[in-house]
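Starting from the given sequences, assemble the full structure and let the hints guide the process.
Residue numbers (the working numbering): 23 to 908.
Bear in mind the hints are in silico, worked out from the structure with no lab data behind them.
Quick caveat: nothing in here was measured; it's all calculated off a predicted structure.
Check each hint, because a few of them may be wrong.
[Said to hold, decoys possible] In silico DMTMM-like pairs for lysine to aspartate or glutamate, Cα to Cα no more than 25 Å straight-line:
hint, residue 1, residue 2
1, 211, 183
2, 503, 570
3, 862, 844
[Unchecked claim] Quick list of the computed label-pair ranges, beta carbon to beta carbon:
hint, residue 1, residue 2, range
4, 412, 766, 35 to 41 Å
5, 178, 113, 49 to 55 Å
6, 319, 854, 34 to 40 Å
7, 439, 418, 40 to 46 Å
Where a beta carbon is used, it is the ideal one built from N, C-alpha and C, also for glycine.
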Amino acid sequence: MNVLKTLKIILKFFIGCILFGAVVAIVGYVYYSKDLPDVTELKDIRLQTPLQVLSAEGDLIASFGERRRIPLSYEHIPQYLKEAVIATEDSRFYEHHGVDPVGILRAVFIAAKSGGFSQGGSTITQQVAKNFFLTPERNIPRKIKEMILAIRMEKELNKQEILTLYLNKIYFGSRSYGVGAAAFTFFGKSAEELTLAEAALLAGLPNAPSAYNPISYPDRALTRRNWVLHRMLDQQYITQADYDKAVAEPLGVSYHTAKIAFSAPYAAEMARQYMYDKYGENAYSDGYVVYTTISKKDQVAANQAVRNNIFQYDMRHGYRGPEKVLWKADEAPWDDSKIEQALNNYMNYNDLYPAVVTAVSGNTATAMMAKGNSITIPFEGVSWARKYLTDDNQGPLPANIADVLKPGQQIWVRNINQVWWLSQIPNVNAALVSLNSETGAIKALVGGFDFTISKFNRVTQAIRQIGSNIKPFIYTAALDKGMTMATILNDAPIMRSSAGSDAWRPKNSPAQYAGPLRLRMGLALSKNVMMVRAVRAIGIDYVADYLERFGFPKQNISHNESLALGSAAFTPLQVARAYTVIANGGYLVTPFLINKIEYAEGDLIYQHVPEQICRECIDQFSVLNTQSNQFSMDNVENAAVSTDSEVPEASALSDNSGLILPDADRTFENYPTNISTGNLPAADNQPQQITTQPESAIAVPPVYVPHVISHELAFLMRTGLKTAVNGEPGSNWLATSWRARALGRSDVGGKTGTTNQSKDVWFSGFGDDLVTTVWMGFDDHRRQLGQAPTSINKPSAVVAEGGAKTANPIWVDYMKVALAGEPVKPDTVPDNIIEVTIDKQTGLLARPESEQMTEYFIKGTEPKVYAQKEIGTRVIDENGNASELF
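Here it is, written out as structure tokens:
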């Protein structure tokens with residue numbers, strides 16, 4: 023009886039313990055469950071994936087974010103990689119329901135034996151719960167929460183989904199999260215390309231990523247990999263033959279970073295800044311992929327053109343000396359290790375490398391690079407190095423290499439055609455932006471010499487005086503007022519005196535004058551005084567208001583005569599946008615950089631809605647039927663003018679107006695309210711936010727481009743800019759943009775621009791559907807570009823830097839590549855344009871004996887009278903009336 027009684031007591035005790043444990047478990051579950059997150063969130067979880075910025079072709083141009091991750095679907099993860107992880111981390115993964123009692127008992131046993139918890143007994147499901155929802159500290163409350171979440175996850179997600187989350191989330195070391203990133207970081211390949219041995223190596227890392235890092239500790243990593251392979255063999259995932267082959271394979275690891283297809287740092291930074299402004303720090307971790315409009319071919323050409331011509335300018339103006347002198351002639355030379363240590367304080371700037379001269383012998387110099395290798399610099403590589411004196415003056419050419427280089431000098435070098443050349447970090451800077459004139463898409467953008475030296479984006483932030491680059495827009499205003507391309511303006515010196523002020527004497531550059539010339543010639547030869555006379559004739563206020571049609575900000579436009587010479591200041595992007603109006607027939611497109619934004623998994627977030635040019639719509643423009651001969655020389659000379667003769671200095675920053683980014687308002691603050699858009703249907707001028715439905719299913723209203731000048735005006739100005747390149751048939755004068763002839767295309771036109779004292783130089787022009795603007799100058803706008811010999815290594819005439827000499831070559835070098843293979847774009851003559859044979863000297867109708875040419879006119883503005891005959895000093899008109907010429 024005593025035995026039965028004892029058994030009953032023991033049974034009651036166990037039942038009581040069970041009941042008590044159940045109560046404790048229920049209370050604990052309720053207590054620890056109340057603040058736990060909803061595991062169904064995992065179905066739509068956003069993995070921490072870096073921001074990627076891509077080109078139009080889908081090439082990577084930048085990646086932003088601390089964590090590297092390449093999310094993969096279950097199907098794209100190799101089977102043996104899944105099996106390696108299961109064999110290593112949770113061999114009963116397919117048998118338990120989130121919590122493995124066997125694993126827990128094993129962990130408790132080891133803890134009791136060792137006196138502390140060295141293993142947590144966590145399943146893969148529990149690790150997913152911990153990584154997504156919990157903190158990493160080891161304590162009982164966190165462990166209970168982990169188990170509760172794991173059990174819930176097993177109810178909501180299947181095993182494939184849980185394993186996929188784990189393999190995409192877990193940390194593998196070296197900033198790599200997920201097997202996709204780890205495969206690339208350590209092996210430079212995709213997860214699908216991994217061998218069995220490589221998969222086993224990765225499977226062994228999550229347990230202790232730092233301790234087993236194969237780059238830092240290859241021996242430990244090899245031991246860990248082989249242990250994983252042994253576990254796979256024990257679990258019968260692989261055969262003995264597989265095992266033997268895999269363990270014999272070397273590690274084969276090296277550190278790989280994201281491969282940037284080509285350099286477009288200023289464009290990438292614009293995209294990054296937008297994403298950060300919109301999404302904050304989440305922009306760097308939520309897996310956004312930004313597709314830009316940047317074209318690889320165009321961007322690479324732009325990078326090279328800007329960089330090469332900056333170096334050319336810099337070399338023309340002389341050598342400013344070594345970066346530093348490490349030891350002098352009377353001091354002991356440094357040893358190699360000390361030199362390397364000094365060079366490691368400097369970085370490479372693309373193809374520009376730091377080096378230290380170690381010896382000069384004969385006509386060659388030896389220099390050490392940062393990695394300890396030696397290079398030889400021949401005299402050819404320093405023959406250009408006249409001593410820099412000022413921006414206008416350089417010393418004589420060196421006679422030998424010792425005139426320039428001495429041991430102990432820290433210098434910069436470049437490799438040009440397999441020859442090492444002495445170089446230096448340029449002080450001058452430049453910018454280039456290239457747009458599709460039909461859509462506004464930015465095809466190439468270079469904001470400066472080197473992004474690592476200066477992140478200031480001169481395309482969008484540098485407001486610089488425009489110089490003669492403004493003339494096509496002012497002449498367009500004159501044509502709209504009734505002038506023609508044959509209107510005669512006097513190319514003669516001007517003096518204007520104002521009470522209490524100095525005389526204002528606008529001059530041509532160079533200061534040469536040819537007397538009365540047609541407007542077309544004045545544009546092609548960039549005659550400043552003719553431009554001033556045109557502005558006087560049509561009125562400065564009219565001109566200033568008219569410039570707003572081209573998208574120029576009102577606040578940057580001065581209402582004084584200096585506007586005729588380009589005193590207004592704009593960004594290169596604003597200038598390029600204005601030139602698209604001329605190139606595309608009169609439509610003000612808005613530049614845009616971001617084409618679409620997706621999540622890393624491919625879900626579409628934003629799609630740019632292209633603006634549409636509606637050439638079939640009815641225009642409401644009318645050209646004044648005012649005869650061109652109303653603009654007599656008397657009218658021009660006596661026109662009322664402003665008394666303000668000051669030229670304002672350019673400011674430093676812009677507000678990026680005129681650039682479309684997602685969610686930006688496409689209204690144009692600077693549009694004159696009387697500008698017609700024709701009979702266009704109403705449209706919402708907001709870029710469209712788009713859901714994740716397929717692109718083919720998306721229907722969005724069109725966004726129409728404002729038509730700001732007539733087709734006829736745009737056509738006439740295109741022909742004028744083509745004349746600025748090619749001159750006139752049969753004429754012996756050379757137009758200012760003649761270097762663009764090197765493209766050999768009939769659809770190319772462009773205009774130079776040089777400000778007072780050559781502080782800013784420009785070239786803007788078009789070819790096919792591409793409009794490109796180039797600017798060069800110093801960031802300190804007070805500094806002049808100066809003058810220099812035309813050749814870097816031969817005695818030659820000293821020539822002032824200017825739009826033609828300095829900016830045009832950048833434009834030509836870029837457009838040669840950008841337009842290569844593109845068909846020549848024919849220029850359609852508008853219906854309202856007529857061709858008339860005129861007299862070259864007077865612009866009037868040609869007589870049989872006249873020097874004749876064909877000119878375009880808008881109907882109603884063509885000349886109605888014939889040129890007069892000259893007989894000695896007497897002029898006889900068409901009615902036979904004679905008068906003295908002098």
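Results for each hint:
With a C-alpha separation of about 24 Å, the suggested pairing of residue 211 with residue 183 holds against the 25 Å cut-off. A threshold of 25 Å between alpha carbons decides the hint, and for residue 503 with residue 570 the separation of about 16 Å falls inside it, so the pair holds. Distance check on the hinted pair: residue 862 and residue 844 sit about 35 Å apart at the alpha-carbon level, beyond 25 Å; violated. One distance hint, 35 to 41 Å for the beta-carbon pair residue 412 and residue 766, holds here, with the actual separation near 38 Å.
At about 23 Å, the beta-carbon gap between residue 178 and residue 113 misses the expected band of 49 to 55 Å. Look at residue 319 against residue 854: about 38 Å separates their beta carbons, and that is inside 34 to 40 Å. At roughly 26 Å, the beta-carbon separation of residue 439 and residue 418 lies outside the given 40 to 46 Å, and the hint is violated.
When each numbered hint is compared with the structure, violations occur for hints 3, 5, 7.
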